[in-house]
Amino acid sequence: MEALAEHWRDLHARRAQLKAHVVTSGTTVKENERLRIQALKKAKEEKLENSKKESELLRARMELESLRKQHQKLSKKLLKYSLFKRYLEKVVENSQFHDIDDVITYYKALVRTRKDLLQYQWWHRQLLEQGKVLEQQIRAEKEAEMLQCKDDLVQLQESLGQAQSDIRQWIRQFVHDLQDFTEDGKERSRAP
Numbered sequence: 001m002e003a004l005a006e007h008w009r010d011l012h013a014r015r016a017q018l019k020a021h022v023v024t025s026g027t028t029v030k031e032n033e034r035l036r037i038q039a040l041k042k043a044k045e046e047k048l049e050n051s052k053k054e055s056e057l058l059r060a061r062m063e064l065e066s067l068r069k070q071h072q073k074l075s076k077k078l079l080k081y082s083l084f085k086r087y088l089e090k091v092v093e094n095s096q097f098h099d100i101d102d103v104i105t106y107y108k109a110l111v112r113t114r115k116d117l118l119q120y121q122w123w124h125r126q127l128l129e130q131g132k133v134l135e136q137q138i139r140a141e142k143e144a145e146m147l148q149c150k151d152d153l154v155q156l157q158e159s160l161g162q163a164q165s166d167i168r169q170w171i172r173q174f175v176h177d178l179q180d181f182t183e184d185g186k187e188r189s190r191a192p
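In the UniProt record's numbering, the protein residues as written are 1 to 192.
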């Protein structure tokens with residue numbers, strides 16, 4: 001009988017262990033499923049990102065090829081026009097246009113000076129406007145301080161007037177009490 005009870009307890013203990021193992025396994029399976037879904041999602045995002053990068057790379061290659069072709073065309077035109085450039089340089093060297101470089105340099109210096117002057121005038125106006133705004137702010141702050149001081153002065157004057165009134169009242173009360181005390185003293189001295 002005792003062996004049967006022992007066997008029964010072992011069976012219950014194994015059953016509890018089996019339930020705990022099933023719960024643990026279920027949790028592990030859920031966690032593995034969550035990780036698998038997360039990995040699939042990440043792989044999908046990476047694939048999408050890679051396709052975007054590939055399309056950008058393809059577009060950049062096409063643009064590079066277009067720029068190369070344009071560079072070749074411009075290089076050919078430059079070779080054609082280099083003859084004219086040399087000819088014009090020789091014309092300038094041998095003609096009255098020789099001083100044009102100096103005139104252009106002087107003109108550029110004048111334009112630069114005018115630009116600097118305009119910028120200086122703009123900064124000067126900005127500083128004046130800021131100064132006016134700052135002056136108005138300071139004036140407003142000082143006026144507010146003056147009003148506050150005037151209010152404080154009025155309150156102090158009222159407090160002083162009240163204090164003086166209280167002092168006069170206390171003095172009257174003290175004189176009255178002193179007279180009463182003196183009269184009481186006289187009456188006591190008369191009484192046998």
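These are computed hints drawn from the structure, not numbers from a lab.
Keep in mind it's a predicted model, so treat the numbers as computed, not measured.
Some hints here could point you the wrong way.
Below, simulated EDC-like cross-link-like pairs (lysine to aspartate or glutamate); rule was C-alpha separation at most 20 Å, straight line [to be verified]:
id: 1; residue 1: K44; residue 2: E56
id: 2; residue 1: K19; residue 2: E2
id: 3; residue 1: K115; residue 2: D99
id: 4; residue 1: K41; residue 2: E31
id: 5; residue 1: K150; residue 2: D166
id: 6; residue 1: K52; residue 2: E33
id: 7; residue 1: K53; residue 2: E63
id: 8; residue 1: K73; residue 2: E89
id: 9; residue 1: K132; residue 2: D116
id: 10; residue 1: K80; residue 2: E63
id: 11; residue 1: K73; residue 2: E63
id: 12; residue 1: K44; residue 2: E63
id: 13; residue 1: K142; residue 2: E158
id: 14; residue 1: K90; residue 2: D102
id: 15; residue 1: K52; residue 2: E63
id: 16; residue 1: K80; residue 2: E65
Each pair of labels, with its calculated beta carbon distance range [to be verified]:
id: 17; residue 1: K52; residue 2: E89; range: 48 to 54 Å
id: 18; residue 1: R139; residue 2: L110; range: 48 to 54 Å
id: 19; residue 1: L117; residue 2: L67; range: 52 to 58 Å
id: 20; residue 1: D152; residue 2: T113; range: 54 to 60 Å
id: 21; residue 1: K53; residue 2: A140; range: 26 to 32 Å
id: 22; residue 1: K115; residue 2: L78; range: 30 to 36 Å
id: 23; residue 1: L160; residue 2: D180; range: 28 to 34 Å
id: 24; residue 1: K47; residue 2: K73; range: 37 to 43 Å
id: 25; residue 1: K53; residue 2: R125; range: 47 to 53 Å
Where is the CB? At the ideal position from N, CA and C, for every residue including glycine.
### Message
Please list, smallest to largest, the hint numbers that this structure does not respect.
### Response
2, 3, 5, 6, 8, 9, 10, 12, 13, 16, 18, 19 and 21
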